[in-house]
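Visitor: Here's the letter readout for the chains.
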Amino acid sequence: SQQGEEDPQALSIQEGENATMNCSYKTSINNLQWYRQNSGRGLVHLILIRSNEREKHSGRLRVTLDTSKKSSSLLITASRAADTASYFCATDDNNDMRFGAGTRLTVKP
Amino acid sequence: DAGVIQSPRHEVTEMGQEVTLRCKPISGHDYLFWYRQTMMRGLELLIYFNNNVPIDDSGMPEDRFSAKMPNASFSTLKIQPSEPRDSAVYFCASIRWELGNTIYFGEGSWLTVV
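Line by line, the protein sequences give chains G and L.
Numbering follows my numbering, in which position 47 of the first sequence is assigned residue number 47; successive positions increment by one, without gaps.
Numbering follows my numbering, in which position 48 of the second sequence is assigned residue number 48; successive positions increment by one, without gaps.
By construction, these hints were calculated from the structure, which means they are not laboratory data.
This one's a predicted model, so the numbers in the text were calculated from it and none came from an experiment.
There may be inaccurate statements among the hints.
As the list claims (entries may be wrong) - Computed beta-carbon distance windows for the label pairs:
| hint | chain 1 | residue 1 | chain 2 | residue 2 | range |
| --- | --- | --- | --- | --- | --- |
| 1 | G | Asn30 | L | Ser58 | 31 to 41 Å |
| 2 | G | His57 | L | Glu83 | 28 to 38 Å |
| 3 | L | Met39 | G | Lys26 | 35 to 45 Å |
| 4 | L | Thr20 | G | Glu55 | 38 to 48 Å |
| 5 | L | Glu98 | G | Lys56 | 14 to 24 Å |
| 6 | G | Arg60 | L | Ser87 | 27 to 37 Å |
| 7 | L | Gln80 | G | Glu53 | 23 to 33 Å |
| 8 | L | Trp110 | G | Lys108 | 24 to 34 Å |
| 9 | G | Lys108 | L | Ser58 | 22 to 32 Å |
| 10 | L | Ser87 | G | His57 | 33 to 43 Å |
| 11 | G | Asp7 | L | Asn71 | 37 to 47 Å |
| 12 | G | Lys56 | L | His10 | 32 to 42 Å |
| 13 | L | Met39 | G | Thr20 | 16 to 26 Å |
By construction, the Cβ of each residue, glycine as well, lies at the ideal position given by its N, Cα and C atoms.
All chains, full assembly: derive it from the sequences and hints.
Guide: In structure tokens:
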């Protein structure tokens, strides 16, 4: 069964705009991670936020975590066409790594 | 390190045939995961191993699916007999848990069963 669930399922924006994706999960976690998948490729780790952290930044990425609501958001600022990909959240529940269905982001040039 | 290596990258096979997918995890990693990805079902965890021992195979869809990890550097996922609904991308991934659980994925094996 899947742990994290992302929304929206698909998001289309213009280059330069910000993109926000959300993830909800069901059980307690040690940390939550976001991954990116380009079409036809494997997933690549973007950022990890621990359960005792509320916000984390990495370049144009900003991740927030609200453990009381069991939710996280990924913000990509000043988007570029190269950010077009699918984005997944993942949680570590009992040492297995489960992913949501992902958000398909399209950034139009 | 070369990363997680999967083979074959693409396979087209006829229904009823046996399919074997192979994975070489990153050296030193102690967890190995097999996932299946389809448009309909997303990314599903099939099975994972810790130190070559299967820990949770509850995601394996049917008895037609089996996975082994005979040593720390090799794992196989076998489907026998294959069916068209098994068509998907199969990913192998590995982690060294004590270093933090960033999971490293292979490039996937694209399976088409006709």
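Visitor: A separate judgement is required for each hint: does it hold in the structure or not?
Guide: The hints, checked one at a time:
1. Asn30/G with Ser58/L: 31 to 41 Å: 21 Å, violated
2. His57/G with Glu83/L: 28 to 38 Å: Because 46 Å falls outside the window, the suggested range is violated.
3. Met39/L with Lys26/G: 35 to 45 Å: 23 Å, violated
4. Thr20/L with Glu55/G: 38 to 48 Å: 45 Å, holds
5. Glu98/L with Lys56/G: 14 to 24 Å: Roughly 21 Å apart at Cβ, these two residues keep to the hinted range, so it holds.
6. Arg60/G with Ser87/L: 27 to 37 Å: For Arg60/G and Ser87/L the Cβ distance comes to about 36 Å; the hint holds.
7. Gln80/L with Glu53/G: 23 to 33 Å: 45 Å, violated
8. Trp110/L with Lys108/G: 24 to 34 Å: Holds - the Cβ-Cβ distance for Trp110/L and Lys108/G, about 28 Å, lies within 24 to 34 Å.
9. Lys108/G with Ser58/L: 22 to 32 Å: Violated: the Cβ-Cβ distance is about 41 Å, outside 22 to 32 Å.
10. Ser87/L with His57/G: 33 to 43 Å: 40 Å, holds
11. Asp7/G with Asn71/L: 37 to 47 Å: At roughly 41 Å between Cβ atoms, Asn71/L and Asp7/G fall inside 37 to 47 Å, so the hint holds.
12. Lys56/G with His10/L: 32 to 42 Å: With Cβ atoms ~37 Å apart, the hint holds.
13. Met39/L with Thr20/G: 16 to 26 Å: 24 Å, holds
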